[in-house]
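**Student:** This is what each chain is made of:
2 protein chains.
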Amino acid sequence: MSTLSIIFVGFGNVGQALARLLERKRKMLDEQFNFDYRIVGIATGRHGMAFNPDGLPMENVIAALKTGGSLDSFHTGEKLRDTFDFIRSSEADILFENSPVNHKTGQPAIDHLRAGLEAGMHVITANKGPVVHAYKELTELAEKQGKRFLFESAVMDGAPIFSLFRGPLPAIELKGFTGILNSCTNLLIGLMEDEKTFDEAVSYAQSIGIAETDPSADIDGWDAAIKVCALSTVVMGVPITPDQVDRQGIREITPAMIQEARAAGERWKLVCSAHRVKDGIKASVRPERVRPTSPLFSINGTSSFVQFETDVLPGLGIVEGDPSPDTTAYGLLADLINAVRGR
Amino acid sequence: MSTLSIIFVGFGNVGQALARLLERKRKMLDEQFNFDYRIVGIATGRHGMAFNPDGLPMENVIAALKTGGSLDSFHTGEKLRDTFDFIRSSEADILFENSPVNHKTGQPAIDHLRAGLEAGMHVITANKGPVVHAYKELTELAEKQGKRFLFESAVMDGAPIFSLFRGPLPAIELKGFTGILNSCTNLLIGLMEDEKTFDEAVSYAQSIGIAETDPSADIDGWDAAIKVCALSTVVMGVPITPDQVDRQGIREITPAMIQEARAAGERWKLVCSAHRVKDGIKASVRPERVRPTSPLFSINGTSSFVQFETDVLPGLGIVEGDPSPDTTAYGLLADLINAVRGR
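As given, the protein sequences belong to chains C and E, one line each in that order. What the first sequence shows, in the working numbering, is residues 1 to 343, in sequence order. What the second sequence shows, in the working numbering, is residues 1001 to 1343, in sequence order.
Bear in mind the hints are in silico, worked out from the structure with no lab data behind them. Since we're looking at a predicted model, the values are computed, not measured. Keep in mind that a hint or two might mislead.
What the hints assert, rightly or not - Output of the computed footprint for chain C on chain E, the stretches with three or more beta carbons under 8 Å from beta carbons of chain C:
#, segment
1, 1050-1063
2, 1328-1335
To be verified - Straight-line Cα separation of at most 25 Å, DSS-like style, residue types lysine-lysine; simulated pairs:
#, chain 1, residue 1, chain 2, residue 2
3, E, K1175, C, K27
4, E, K1175, E, K1282
5, C, K175, E, K1027
6, C, K278, E, K1027
7, C, K136, C, K104
Cβ atoms here follow ideal geometry from the backbone N, Cα and C, with glycine treated the same way.
Chain C with its partners taken away, still in its complex shape (with noise of 0.2 Å):
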């Protein structure tokens, strides 16, 4: 059995998850996968970095967070410059970047990966930005280094989209998908549905953790079109990136047109779709109204949904219901797995 050393880059809400996510399956890692591991190094944005080869204390290290300390007193060893000098000099074995998206570059996550391949780890991302942005860069990178760049919880937390297209879809065509792809604007739609005002609708998501202190990205259709360009860019082969995709947010949909579908049994949904055309893909992300036949219909609060077009199966859908910072960790710990058995 080999101890794989691990280090985060990023460690909020998800990375935390996934700490406590791997310390419960550590039994199930040895057995089923025989590798054990060991956290060595988490760096912050505003927690300050930490290393340490023995391994950190990660209840102490998690306590100390919660109450808005820093990471430094866990920090044995010189002084680090900075995020890199740290990525660098922890000789890992994996790295987990989980720092926050950049729709429009997907920096600083790109540099921190690179960074980590030149370094000889496997890197492994939730983040959006770098599949959007260098997924051609980074993959070939990664198999020069004979290393993985994988990230599936990019699109849909942790339900199985690009594991399932490299792995139990072989020889597949896909030619197009629909989908609700963003949380945030699902949730916000149902409460007004509810009678809720837009405002009143993002005060509540805020106050969750799912809406953010400034919402626009959801709103307005970013999140939901930088996740179509990562599916199109990784499983239709077709790179194109957020300002290619024709996109309308949720802004111009009024409580009486809410009503008004109500009342025609039918329901407003955030709907992303791209598909193939002449000379490469036509992607959307704009409201529609949706009726019961239709399984976008029944994809409540957060839940996310895609139905997929192949040339074998007619209607492919992969629904992901309820998840939080638990569902996006499992997609980082499928990840790990699969970088160490090479699937």
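Based on these hints, arrange chain E on the given structure of chain C.
**Tutor:** Coordinates of chain E only, in the frame set by chain C:
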């Protein structure tokens, strides 16, 4: 590049769809998976059998079957005594077993598959019988022989279910599942919602090839129950047989009940479920009224659905829309590729 020799036992709609699909994907199999194939033998229940080590002329074979002819004229070499003689003497690499399902015993498919494994072939089937009645024996025999026993199409046609749990969902604990697994009854209930009587619905389903001449295996829930057993046996690791499923078919759903549900905005569905309990699995197949908020609500016509309850993904669902013999054929092809590449 290697050339695999393939034999078929049973060659109805699904077998013929697979032969067409293999031909269509021949170039892709070569380019992506580095193998070619040759169909060297076919044994049928009522149309004779044929073996030719140089490959059968498949267009002529299918044309002969379409007009009700026999395969015997395509046979080369010594006369074959029976299906077992056919399998053993073929020296093939791959056996596709597609004889009719026997819910009670899994025979004669089990004997065919055992003979194929003993003769050193990968064996692949869409038949649920052997999965429920001989999973352990055939899987152990396959391991001993360094070959595979695969059956992706046994549940939800070609949708990836078994391969999902072999691959993209590592280290997951499956607590249970709920779904709609029988296409025929789902179609029948839908037709009754459109105000057809039960008998009219059955006649229509028979006319389009969805219901069998004796439709009782579907209507009384046996097909759904054996699929529940196949999932329980393989993905939950707890072998159960159809008589252990609390089973109720759709005969007692009256037009009045259907209209009453519709008036309340609900639908009747034949719901399959299984959950871990202290001493094993509690499994049922029974009609239930579902609400529009349930993902089961929008499963129309011959589509099917399953939602898995796991320790890490709270509601992972798979939808299979509009299946056909081509869909089943794709599951068999995926099994072939996975057998060859060891997935």
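**Student:** Report the numbers of all earlier hints that the structure fails to satisfy, in ascending order.
**Tutor:** Violated hint (a single one): 1; every other hint is consistent with the structure.
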